[in-house]
Amino acid sequence: MEIIVKLDDMLYARRMTLTELAEKVDITLANLSILKTGKAKAIRFSTLAAICAALECQPGDVLGFGEPTE
Amino acid sequence: MADKHHLFTITQWLLKAATIFCAFLSVVLGLAFIAVVLALGALLVAPSLLPIFSIPLSVEGVPLVTILAAALFLVAGGLIGTVLVLFAVRATHGIVDTAIAGDPFVGDNAERLKRIGWLLLGVMVVQFLSTTMVVAIAPDNNIAGHIEGGDGISLTGLLAVLLIFVLSRIFRHGSEMRADLEGTV
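Protein sequences appear in the order of chains A and B. To convert a position in the first sequence, counted from 1, into our numbering, add 1330. To convert a position in the second sequence, counted from 1, into our numbering, add 4.
What the hints contain is simulated information worked out from the structure, not anything from laboratory work. Among these hints, one or two may not hold up.
To be verified - Here are a few chain A residues that sit away from chain B, every Cβ distance over 12 Å (derived from the structure): (1) Met1331; (2) Met1346; (3) Cys1382.
Unchecked claim - DSBU-like cross-link-like pairs, simulated, lysine-lysine; straight-line CA separation at most 35 Å: (4) B:Lys118 to A:Lys1369; (5) A:Lys1354 to A:Lys1369; (6) B:Lys118 to A:Lys1371.
Quantities reported herein were computed from a predicted structural model and do not represent experimental measurements. The C-beta atom is built at its ideal place from N, Cα and C for all residues, glycine as well.
Taking the hints into account, I'd like the entire structure generated from these sequences.
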């Protein structure tokens, strides 16, 4: 069991690309890719807040706790 | 930031000079060591040869063999000490290089600091042993006149070594924190 990032699902639901999100939240595409692929070790509250604001969602919509799918 | 770089650049130059000096000193002491070993060997194997080259068997009442034996320990101690310092200087050079590159908080630097600590401790022990041996070989004459038995181990030196070991631990902790930060988005 671990923290899983559901950024892909939210991006699909909002019909937004990773590049567009990167521009909106002012985070580099590289860092956002690290987050999306689940390679990040930690996430700042400020980053999470910016993503939630851009995607108009709650932290729980982006993050989950469970078995990794792959 | 520019000031910091000045400090690192000056240190880098000083370390380069120290490397050259230590390397030169190592060669000189290496040659001196070979010379002393050859002389001592010749003296022990064929002492009858000495009068032929008009070499006295004693100087100012001190037997030549005592002088050479004392010299052997002094030169050997100096040689080993210089080589250890050379390695310590090179390790310090490595740390300064990473600082100039902008990322000194790496695991390698913690290892380098630990190595420097052991090397400096080694220098003190070698100096202690060699001076103790010289005084033991020639206690009552001019050779040991300038040497205190047990030279080398000092409170400030030990404190410096201890500080370096503590800094090494702190560096390891810092590099772990740095690695953690790398994965933070």
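Exercise. Is the Cα-Cα distance between lysine 118 (chain B) and lysine 1371 (chain A) 35 Å or less?
Worked result: At roughly 28 Å apart (the allowed maximum being 35 Å), lysine 1371 (chain A) and lysine 118 (chain B) satisfy the hint.
For this session: Hey, is cysteine 1382 (chain A) genuinely clear of chain B, shortest beta carbon separation above 12 Å?
Result: Per Cβ check, cysteine 1382 (chain A) is outside 12 Å of chain B; nearest 14 Å; holds.
Exercise. If you draw a straight line from the CA of lysine 1354 (chain A) to the CA of lysine 1369 (chain A), is it 35 Å or shorter?
Worked result: Holds: lysine 1354 (chain A) and lysine 1369 (chain A) sit about 21 Å apart, inside 35 Å.
Problem set entry | Assertion that methionine 1331 (chain A) lies outside the chain B interface [Cβ separation over 12 Å] | holds, 19 Å
Exercise. Does lysine 118 (chain B) pair with lysine 1369 (chain A) here, judged by a C-alpha cut-off of 35 Å?
Worked result: The given pair, whose Cα atoms are some 32 Å apart, holds under the 35 Å limit.
Exercise. Can we confirm that no CB of chain B comes within 12 Å of the CB of methionine 1346 (chain A)?
Worked result: holds, 18 Å
Going through the hint list in order, the structure satisfies each hint without exception.
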